[in-house]
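Enquirer: So the chains spell out like this:
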Amino acid sequence: MTDPVLALDGVTKSFGPIEILHGVDFALRPGEVHALIGENGAGKSTTMKILAGYLDPTGGQVMLDGKPIAFAGSDQAEDLGVIMIHQEFNLAEHLSVDQNVFLGREMTKGWRLDHKAMRDRTADLLKRLQCRVDPGARVSGISVPDKQMVEIAKALSRKARVLIMDEPTAVLTERETEILFEQVERLRAEGVAILYTSHKLGEVKRIADRVTVLRDGTMVRSDLTADVTEDDMAAAMVGRELSDLFPPKVTGSDEPILTARNITVPGIVHDASLTLHKGEVLGIGGLVGSGRTELAEAIAGLRPRSGTVTLMDHDLPANDVAQAMKAGLAYLTEDRKGAGLLLDKSLRENLTLPLLETFGSPLIDRKREEAALDRAIEDFAIRAPARDMAVGDLSGGNQQKLLLAKTLLSDPQVVIIDEPTRGIDIGTKQQIYTLIAKLAAEGRSIIVISSEMPELIGLASRVVVMHAGRIAGELAGADVTEGGIVRLAMGMDGTSKDSAA
Amino acid sequence: MKKTLIATTALIGLTAMPALSETIGISIPAATHGWAGALNFHAERTVERLKEANPDLDFVLTTTSDPGQQVSDLEDMVATRGIDALVVLPFESEPLTGPIQRIADSGVWVTVVDRGLAQKGIEDLYVAGDNDSFGRTAGTYFADTLDEGAKIVVMRGIASTVDNERVAGFEAALDGSGIEVLAMDHGNWNRDTAFNLMQDYLSRFPEIDAVWAADDDMAVGALAAIEQAGREGEMIVVGGAGMKEMVDRIRNNDETVPVNVTYPPAMISTAIEMTAMGLTSGAPFSGDFIIASQLITPENAEDFYFEDSPY
Amino acid sequence: MSTLRNMRQNLPVIAPIVALVVLILIGIALNPNFLSYANITNVLARSAFIGIIAIGMTFVITAGGLDLSVGSMAAFVAGLMILVMNLLTDSMGQGLPVIVIGIGLALAVGILAGFINGILITRAGIEAFILTLGTMGIYRSLVTWLADGGTLSLGYEMREMYRPVYYGGIMGLSWPIIVFAALAILGEITMRHTAFGRHCAAIGSNEKVARYSSVAVTRVKLATYVLLGLLVGIAVVMYVPRLGSASATTGLLWELEAIAAVIIGGTLLKGGFGRVWGTVVGVLILSLIGNLLNLTDVVSPYLNGAIQGVVIILAVVLQRNTGTAR
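Chains as they are written, first to last, in our numbering: chain G, 47 to 547; chain F, 124 to 434; chain L, 52 to 377.
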């Protein structure tokens, strides 16, 4: 076995009085893909940030080429070939792709910037990644997967010895994931040490040579991937055996509760209609960009639209989210950090924001707010180290639970949940699935939008699939299969039977 | 007598020689304080009057609130309006000397008003109030009327050449009089600043015999603060520039405001008129016209009271 | 351990107060008259105008906005108020009704001016900075035009009748101080304990989240500008009786002083967090600097601006350093 290039030796990390990492030992070797897995809040991000010089360890040591090193910051780490790609991209939105790739290390010709060289070099890198983005395009205008590719191109443009990727595939489609893995394999062959995290255990099994599991800031196990099964990994992460991920389905009534007719959002959604029944879990599938989110936002009054939305005999006006909420409709956004939660505010302020008026007028009753937070923490099993901490410091799973609590605070009859489990761990996923089933059992009606096929199939009794802004078809009962959804999502006829799903 | 004669011939020439239309550019500071407001008032009135008297005269009047803008205004005047003469009150001496020199070199008649340029001999005609005399007149009044050992406070204007000249004149006149200047701070020719400053002077000094506010706007602020503190009768306030309300108080023998010092904003009218005549008569006035400051007293106050002036 | 942590957390909170206390101590050391009743009431009363405006500015900035037009707006409202009161005196004669109408007009025009700013920012989607820079110029020109380049002065008799609104008071406190204090308390309660205040912070923190949480974003933002306009009106009602005049220089740079006071007080310039009591402390700090410099000869008067600048930067640095030490 080759010697490790970068390693952690008994590393601990505390934020104030709270210790997050309790002694992590860990080694990255050249030419090896190392997967780091664990539930949200297990300490993966902290571990990666220490490796990449963004954080200093409180105790223990970081070893580079067998010698202790204290990075003066991520800049020094990058100069030494340790590069981290963040989940939330570090791209300057208003600069072009090539300007981003060479940001801070601009190529020059004399004292002038050599625009052409940088553009050509960027084009080469992107071509290697089979990414068709124009190097001159502004980053703000390109898609999320393309931004991921730009980040990787940026890393490739430096001489990376260690590449650390925080959930790189979370925002990628399967095809894009394949391209990424080809690059990972190529880098591995070149002798680069690669660390990456993912919640997709199938992927870990497929690409990683070694897998390390973190739980509550402690290293639980570290094995060669070949020696463990996906079930082993899941069990190690959660610390218990996982029973069936999905609770039994609840069958709804035939009584329509929400009817959307001829919904059109100019340029995005065209003439979409759907009906939701009382007590039902309806799935909406389709590719990213097929107009699922926009349709949901149009129904929830968050976008201008044409067409009618009727909720329990009320016509909901367009672009009026307050009316929709009052009528009993709530929407949980897929963009947790951008549109769901105020990251710099406390749990309490986030929880009560949509319904502040009901917590006392003119003065807000702080006690009632605290009581509501107590209930939410208990009902949704939110784990927060401190009550008054900023929501941005919570783990993704706990943020999602808080967002759910916030959405359900108005006691809505209809809930639209967009990507209920994006970027959260398997234990929390299971809790959220159970909760959705429970809501349906209480007689509420739910629409689940998801990119994850198993989620749609496991939760929904009926699935509407969108393609290019239109409703491509609907599947119900036994027809709700991965193959059926994919065929509709790709614009094919979903009813024709296929055997090779 | 001779002067009148020239003026008359000039006026005849003005009406008798329609010839080519001539353009006069006028650039003065914007009406950001009372005195500049009056300046604008007089400039506009003069322009209207001259236009009526002579349709062949064209005027371009610009007001400006900083030196940079004034330079741009001047450049525009020369480039787009082809002015034949320029009447300018430079916002600041130094930055405008170069641009005005270029205009003068190009053959345009230049009249500089009030604020002298940094270099001598650029302008054809210089019309100005006398800042040294402005300060000296007030200082002399204090030296003559106050007892030895009297205590006074001074409110200066915005830090500038004008302010420095005035204060220098004032201090020179006080020299040897035995009057003690307790404090001297910038009231920035602003009523509110002067009010606050006077409040603080009143807290700081138990005895003040006189206040010199180097401008009537500041005198207004100072008087309000004195009234608030109930210390009227303890001290006199001398302002400057002959504001209507101050002159009114003087002619009514107000004990707090016994005198004032002139610095007539109407000098802009003189400058414009002289330039217009020179341009049309072919017998131009050139040289320096310095208008000394006068002391306004209850006896002569009536002569300085202009009902319809905004100032 | 925990006390240390408390100290650390509290330092950014108390930083402006520390700065204020230091200034007061310096004042006491420099001049025995500093603590005199007259000086203290003078400083408080002259802080009232910018203070009242800064309270409104706190809400605007907390909600992620900005208003550069308040100084000019105050001058314009004051000029219009004086003009109308003089006209009314001609037609109605002197009397209380003229004052009441004048006050009503000042408040109404303030509200209207705030509404115009707000509606153009929220509905027409113009950047607050550039829009209010525009209205700043407009109001400044309008008052110059109204005053014909000079000064608008309230007629002598009306001035005498209106005078007590600035100079009078109860229990030794003049009206500007009382109104400023009352508005500050009301503002602090509104910011911390009402849905409106919370909504302002939410919008400033992340407008999209606020919209998705069914906060009436447009209406709340508009309301902050209208509130600021109203407070400008109130400040003018207090200001006019002081000197009874308005000119092109009235309220010059008030907008920057108000914004500086808000930021010194700990409100984030980018929005998302605001505190009214901090703003009040900020206003007092700015006034005290001017007062101290007038009470001493230690520093050349040419350097007044520099001293102000240094204190502003120090007050903010103190907060930022400790604030990010988390």
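By construction, these hints were calculated from the structure, which means they are not laboratory data.
All values reported here derive from a predicted model rather than from experimental measurement.
Among the hints, a few may not be true.
Unchecked claim - Below, a sample of chain L positions facing chain F; criterion: calculated Cβ distance under 8 Å:
hint, residue
1, 80
2, 82
3, 142
4, 174
5, 201
6, 244
7, 245
8, 294
9, 341
10, 346
11, 351
12, 352
13, 353
14, 356
15, 357
16, 359
Stated by the list, open to error - Dumping the calculated EDC-like pairs for lysine to aspartate or glutamate here, alpha-carbon to alpha-carbon at most 16 Å:
hint, chain 1, residue 1, chain 2, residue 2
17, G, 383, L, 141
18, L, 321, G, 390
19, F, 243, F, 217
20, L, 259, G, 381
21, G, 173, G, 213
22, F, 274, F, 298
23, L, 259, G, 160
24, G, 95, G, 224
25, L, 259, G, 213
26, G, 324, G, 213
Glycine included, each C-beta is placed from N, C-alpha and C at the ideal position.
Enquirer: Each hint: holds or not?
Expert: Results for each hint:
| no. | hint | result |
| --- | --- | --- |
| 1 | 80 | 14 Å, violated |
| 2 | 82 | 6 Å, holds |
| 3 | 142 | 21 Å, violated |
| 4 | 174 | 32 Å, violated |
| 5 | 201 | 3 Å, holds |
| 6 | 244 | 35 Å, violated |
| 7 | 245 | 34 Å, violated |
| 8 | 294 | 5 Å, holds |
| 9 | 341 | 7 Å, holds |
| 10 | 346 | 5 Å, holds |
| 11 | 351 | 10 Å, violated |
| 12 | 352 | 5 Å, holds |
| 13 | 353 | 6 Å, holds |
| 14 | 356 | 10 Å, violated |
| 15 | 357 | 13 Å, violated |
| 16 | 359 | 13 Å, violated |
| 17 | G/383 / L/141 | 62 Å, violated |
| 18 | L/321 / G/390 | 13 Å, holds |
| 19 | F/243 / F/217 | 12 Å, holds |
| 20 | L/259 / G/381 | 10 Å, holds |
| 21 | G/173 / G/213 | 23 Å, violated |
| 22 | F/274 / F/298 | 14 Å, holds |
| 23 | L/259 / G/160 | 39 Å, violated |
| 24 | G/95 / G/224 | 26 Å, violated |
| 25 | L/259 / G/213 | 25 Å, violated |
| 26 | G/324 / G/213 | 37 Å, violated |
When the structure is compared with the earlier hints, violations turn up for hints 1, 3, 4, 6, 7, 11, 14, 15, 16, 17, 21, 23, 24, 25 and 26 and for no others.
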